[in-house]
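> Chains as they are written, first to last, in numbering that gives the first Met the number 0: chain C, 0 to 105; chain D, 0 to 105.
If you're looking for bench data, these hints aren't it; they were derived computationally from the structure.
In this text the structure is predicted, and so the values were computed from the model without any measurement.
Check the hints yourself; a few may be wrong.
Repeated chains share a single entry, so a pair holds when one copy, or any two copies, can fit it.
As the list claims (entries may be wrong) - Below 30 Å or equal to it, Euclidean Cα-Cα: the simulated DSS-like pairs (lysine-lysine) are:
{"#": "1", "residue 1": "Lys51", "residue 2": "Lys35"}
{"#": "2", "residue 1": "Lys23", "residue 2": "Lys40"}
{"#": "3", "residue 1": "Lys51", "residue 2": "Lys95"}
{"#": "4", "residue 1": "Lys51", "residue 2": "Lys84"}
{"#": "5", "residue 1": "Lys90", "residue 2": "Lys35"}
{"#": "6", "residue 1": "Lys20", "residue 2": "Lys84"}
{"#": "7", "residue 1": "Lys35", "residue 2": "Lys84"}
{"#": "8", "residue 1": "Lys35", "residue 2": "Lys94"}
{"#": "9", "residue 1": "Lys20", "residue 2": "Lys95"}
{"#": "10", "residue 1": "Lys20", "residue 2": "Lys94"}
{"#": "11", "residue 1": "Lys94", "residue 2": "Lys40"}
{"#": "12", "residue 1": "Lys23", "residue 2": "Lys51"}
{"#": "13", "residue 1": "Lys51", "residue 2": "Lys90"}
2 protein chains.
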Amino acid sequence: MTQTGLFIHHVYFWLHHPESKADKTALIEGLQKLSKASTIKSFHIGQPAATKRDVIDSSYSISWLLYFDNAADQDSYQTDPIHLKFVAECKHLWKKVVVYDTVGAL
Amino acid sequence: MTQTGLFIHHVYFWLHHPESKADKTALIEGLQKLSKASTIKSFHIGQPAATKRDVIDSSYSISWLLYFDNAADQDSYQTDPIHLKFVAECKHLWKKVVVYDTVGAL
Numbered sequence: 000m001t002q003t004g005l006f007i008h009h010v011y012f013w014l015h016h017p018e019s020k021a022d023k024t025a026l027i028e029g030l031q032k033l034s035k036a037s038t039i040k041s042f043h044i045g046q047p048a049a050t051k052r053d054v055i056d057s058s059y060s061i062s063w064l065l066y067f068d069n070a071a072d073q074d075s076y077q078t079d080p081i082h083l084k085f086v087a088e089c090k091h092l093w094k095k096v097v098v099y100d101t102v103g104a105l
Numbered sequence: 000m001t002q003t004g005l006f007i008h009h010v011y012f013w014l015h016h017p018e019s020k021a022d023k024t025a026l027i028e029g030l031q032k033l034s035k036a037s038t039i040k041s042f043h044i045g046q047p048a049a050t051k052r053d054v055i056d057s058s059y060s061i062s063w064l065l066y067f068d069n070a071a072d073q074d075s076y077q078t079d080p081i082h083l084k085f086v087a088e089c090k091h092l093w094k095k096v097v098v099y100d101t102v103g104a105l
């Protein structure tokens, strides 16, 4: 088990006003700009699927799934000016963020 | 915003005995067998990265990230005999599972 190789960064956002289409759009647009950060290998912007089971948490508003080539690239993304600008411009939109950082288990 | 297209199913497992290398290996081996389910487009088996920040939840033991071509394929995976066998054989290993199902937001 190693910390090298592919690094998956999955962020879930809970908005202050999840019913606001404008706020959701503003966050999505912010993430689209953020996706230009040079260390991001690939990304996906999502919303909860329609599935409902006890184990499923569908209370979040937006999912932001990122792949990096390695942990160092994710570290560098955290302080990328594009990322800092995104946080400064969009942080008023969310009330909670949960992040799961994952590396290969094999 | 639509529920068609790519469907991302991200499962986080918390083990009864997270300190047990044998239990972690048993779950990983179970997931490797489960990865043969025919509707799975791609998968990633992971563990928490070394990152530490307030917003990061690194308390889980194993991450199981799946891509399906669409929601129907994920529905069908839920009742696939390979999936049912995995649950029957491995469910004693975990104390908690959280699932986030995500579809495109654009």
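> With reference to the structure, classify each hint as holding or not holding.
Evaluation of the provided hints:
{"no.": "1", "hint": "Lys51 to Lys35", "verdict": "between (33 Å within a copy, 24 Å between copies)"}
{"no.": "2", "hint": "Lys23 to Lys40", "verdict": "both (24 Å within a copy, 28 Å between copies)"}
{"no.": "3", "hint": "Lys51 to Lys95", "verdict": "both (21 Å within a copy, 17 Å between copies)"}
{"no.": "4", "hint": "Lys51 to Lys84", "verdict": "between (35 Å within a copy, 22 Å between copies)"}
{"no.": "5", "hint": "Lys90 to Lys35", "verdict": "within (18 Å within a copy, 40 Å between copies)"}
{"no.": "6", "hint": "Lys20 to Lys84", "verdict": "within (22 Å within a copy, 41 Å between copies)"}
{"no.": "7", "hint": "Lys35 to Lys84", "verdict": "within (12 Å within a copy, 42 Å between copies)"}
{"no.": "8", "hint": "Lys35 to Lys94", "verdict": "within (24 Å within a copy, 39 Å between copies)"}
{"no.": "9", "hint": "Lys20 to Lys95", "verdict": "within (18 Å within a copy, 33 Å between copies)"}
{"no.": "10", "hint": "Lys20 to Lys94", "verdict": "within (16 Å within a copy, 37 Å between copies)"}
{"no.": "11", "hint": "Lys94 to Lys40", "verdict": "within (27 Å within a copy, 33 Å between copies)"}
{"no.": "12", "hint": "Lys23 to Lys51", "verdict": "both (21 Å within a copy, 28 Å between copies)"}
{"no.": "13", "hint": "Lys51 to Lys90", "verdict": "both (28 Å within a copy, 20 Å between copies)"}
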